[in-house]
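Heads up: the sequence lines are chains A and B, in that order. 1 is the number of the first residue of the first sequence in the numbering used here; add one for each residue after it. 1001 is the number of the first residue of the second sequence in the numbering used here; add one for each residue after it.
Take the hints with a grain of salt, since some may be wrong.
Only some residues are given here: those of chain B computed to face chain A with a beta carbon under 7 Å [what the hints assert, rightly or not]:
hint, residue
1, 1136
2, 1203
3, 1212
4, 1287
Note that these hints are calculated values from the structure, not bench results. Note that beta-carbon positions come from the ideal geometry of N, C-alpha and C, so glycine has one too.
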Amino acid sequence: MFCYQCEQTYRSDEGAGCAGAKGMCGKDAATADLQDTLLYVCEGVGQYLHRARQLGATDIEADRFILFAFFTTLTNVNFNAVKFVELIQQASQIRDRAKALYEDAARAAGKTPESLSGPAAFTPASNMAALLAQASEAAVRKDAAILGEDVVGLRSLILYGLKGVCAYAHHARVLGQERDAIYETVEHALDVLAREERDVATLLDEAMSLGRANFLAMEALDAANTGAFGAPTPTNVRITPVKGKAILVSGHDLKDLHAILEATKDKGINVYTHGEMLPAHSYPKLKAYQHLVGNYGGAWQDQQKEFAEFPGPIVMTSNCLIEPQPRYRGRIFTAGPVGWASIRHIADENFAVVAQAAQALPGFTEDAPDQTITIGFGRDTVLGVADKVIDAVKSGAIRHFFLVGGCDGAAPGRNYYTDFADEAPKDTVILTIGCGKYRFNKQDFGTIGGLPRLLDMGQCNDAYSALVVATKLAEAFGVGVNELPLSLIVSWFEQKAAAVLLTLLALGVRNVRLGPTLPAFLTPALVDVLVQKFGVQPVGDAKADIEASLARAA
Amino acid sequence: MYKVSLLTRDGATIAFDAEPSDTLLDAAERASIYLPSSCREGGCGACRVSRASGEVELMSYSSSALSEEERMAGDILLCRAQPRSDLALRAPFDEAAVGFAPIPERRATLVALEPAGSGAMRLQLQYEDDPTFGRAAQFTAGQFVEVTLPDGSAKRSYSLANAPNWDGALELFIRVQPNGAFSNYLRDHAAIGDTLLIRGPQGQFTADEASAAPRWFVAGGTGLAPALSMLRQMAEFADQRQCRLFFGVNKVDELFALDAIGALKTSLPQLVVTLCVWKPEKEWREFVGTPVEALAEALSTATEPPDIYVCGPPALIAATEEAARSGGVPHDRIFSEKFTAA
C-alpha cells in the first residue's frame, strides 16, 4: 500500500505516507490497494462518460455510483476489503456500459469512437488475490518517476479534492438534490486523472474547477438538509445522558438519523447524536422528535473510549469510523458507504434491527445532571441579526471574526485550535464548523451585545453557510470578503476538508491558516504556490497568529 | 517479564506485567486493561505517556505523534514501546479513561433441552434481563461460556453454537459423558426453567477478519458448535468468501444439527459441507473416514491456501495441524480450540 491522503499519514525523515501492512487509520494494505484499483476503474468510467456527455449522452446511475465509490475511499469510511472486490466488479460493469453509451453516441453523431487507453482499457481481475497482484498498475504514485513529484502532488490534490466533492454530492443526492454541473466536473476530473495530464497550470485549473464544484455540492447539500428538515435555528442541546434505552448516531447523514428516529418512535428509546451529527438538533423537523434527547461524547478520535461506555447500539452513517474495539464490536452498525469486516451493515435504511438492539441493551440507568450547549447558527439565523452584527462591528464592539473549524484529530499539535479559541480576545467572535469544535464547544465564551461569542454554524459542509454569511456581510460593508475583519483558522484531517480548502481557494478567499500540518502530498513547490498565489499560511503559535490576524485587520 | 506501573492524572496506579517482546499497549490488554489509543501504529499520539523511570525500546513512529523534544523529555508511545526494564509511567489521562473489562457473569434460563444425535444434547438458554448487560447475547462468533449448574456443584465451558443476537439466546451442544457431572445433571435433574450462571463470553477462537482467505472449518463431534456460530455469522453478513465445513463423528447415529447445516447451505450458498463418519454402523453414502482425512483430500486440490479453524479433541487438532502442514497451509493460518472430556 501507499496512501498519504489524510493529515495523520505516517511522517518521518525519509518522507511521508503509509506504506506498511496497515495505515495510521487502521486500513490494511489489501484494502488500500483495492481502493486504489476501484478509483482507477472509476477513472475509466469517467473517460467514457466525459466523452459521451460532449455528445449529449449521460448516465446518471453511473455518476451516482462514482459518488458512492469515491465516498467509500475517504479516510475512516470503509475498511472492508471484500466490499471493494465487489465494488470493483460493479465499476467494471458500469465502465462497459459507459463505453457502449459513448460509442453509440459517437456513431449516432457520425463519428468514429476513439479507442481509449489507460484506465479505460484496464481489466480488473475477479478475485481478491488476483486484484492485489494487479494493484501496482493503479497505485497513486505509479508514474512518479516520469511525471515528477510536483505533478504527482497536484494529481493527488485533485484526486483527494474529488473525493470530498463526491462525498458531499452523495450526501446531497440521498436527500434528492443533484446538480448536473457537479457530475460534469467529476467526469472531467476523472478524465484529467486518467490521461496523466502533466501541465501544472492545467492541473491547478482542474483543482480550482473542483473547488467550484464543491461549492455547488455544499450548496446542494445545504438545500437538501434545509429542504428536508427546515433551516437550523439556535437550539440548546443536552450533552449529558438521560435515563433509558439509548442509540448513538454518528457521521453526517441526516437522512439516516431521520430514519432511525422514525424506527424508534414511541418505543421508549432515546437517540443521541455523536460527532458531526450534533447539528441535527438545530433542524426543526429533526428536533421535533422528543426522543432525540442529546449529544454524547466528543470528536471522532475519542470514539473507542466513548463507544465502549455507551450502553446501547451505535450507528456510523459516514466518516469517521476507527477500528471497533471488542467491547462494542457487537453493537456497532455501519450504514451507507461505511464498512468494517464483521460489523453489521445496514444497506437498506431499515434500522429496525438497531431499535431491537437498543431494547436488548441496558441503556442509561440514571439521569446525569443536565448540561447544555447552544448550536444552530446557520446562515439564516446569522443573517437574521445582520443589522446587529454590522452595528457591533461599526461600533467596535466586535473587533474581528475567527472561523475556527474543520476536522479534529488526535495529534498533539491540534491543541493549537483549543489555544486559539481560548486566547481569542473578548471582543472577537468565534464561528465554528466541523468536529474541530469539540476542542472548545463546551466552554462558556460569553456574549457580545447579546450575541454569543461562539457561534456553531454546523457540520464541515456548512462552510457553505459561513461563505454565504461572509459574502452577504461583505456586500453590506461594501467590501470584498478578504477585506472583512475575518480570519479562517482551518484544521483539516480528511478529504472533505481538502475539498473545502479548494473551494476557499477557488473563490479567492485569502487569510486561511491551515493546520495542524500541511498535506503530505504537497511538495515544497506546491506549498509555495498556495502561499504565494492563494495566501494560505501554515498555523504557527496560536497567540502570535491571533495578533497577526488582528494586526492585518487594524 | 517486567513490572509496569502507570500513574494516571487523577492519581490512580495501574499495574501490569510486560514481556520484552510486547508493546506496552498489548501487555496491558493482556491484563484486560484497555489504555487509550487510536491508530496503534505510532501515528496519532493518542497513547503518549511520559516515563518517570525505566527504559523502553521504541519501534518506528511518526514525528507528528511524538516530537524529538518530547521523546528527549521522556515521552513514549504505548503502542510503540517495548520494555527493557521495570517502568514507572505517568499518563495524561484519568483512570476513567482506562477500560477494564471483567468477564460478565449473568443468569440464564434453560428453555429447551433435547438429544442431539445419540451422543450429545442440545441446550437452548435465554439470558435474563440484566441491569448492566441488558438481555442481548453479545459475543464474537466462536467464543465459549462457562456454565455453572444450578446447585453450584460444577462448572464447564462450552462453545456457543448460535450467532450473537439481541434476543439473548444461547445455544450449546454438550457431549454426554458417562458419569460426567454435567451429563448427570442433564440426564437426571435438568428441567425447563432452571437457572444457570453463565460466565462469558471468553476465548479467542474467532474468525480472523483481516484475512481474505477461504475459511475451512474442521469439527469433531460437539466441536461443531463454534464452526456453526462463525458460519451463521457469515450468513448474517452475507459474507461472499469461500467456506467449507468438515464435520466428523464416529457413527452415523451420532450426527446432529443437520437441520442447522441444511439451513446454512441455503443462507450461505457457497458453503460446501462434508459429513464424515469414521466407522459407519449402517449404510452411509457420504465420506467414510475422519474429517482430517477429508480435509487432506480437499487440500490436495485447493487453488489457494485456506485459513483452517479446527475444534475438537486434542488428537483431532494435532492430526489437522499435521494434515494442514502437509497440504501447504502456513502454521499461523491454523486456528484451534481444544476441548477435553469433563
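Status of the hints after comparison with the structure:
1. For residue 1136 of chain B, the interface hint holds, the least distance from its beta-carbon to any beta-carbon of chain A being 4 Å, beneath 7 Å.
2. Against a cut-off of 7 Å between C-beta atoms, the interface hint on residue 1203 of chain B is violated, since the closest Cβ of chain A lies about 12 Å away.
3. Because the smallest distance between the Cβ of residue 1212 of chain B and any Cβ of chain A comes to about 5 Å, under 7 Å, the interface hint for this residue holds.
4. The closest approach between the C-beta of residue 1287 of chain B and any C-beta of chain A is roughly 27 Å, which is over the 7 Å cut-off, so the hint fails.
Going down the numbered hints, you'll see the structure goes against 2, 4, while the others check out.
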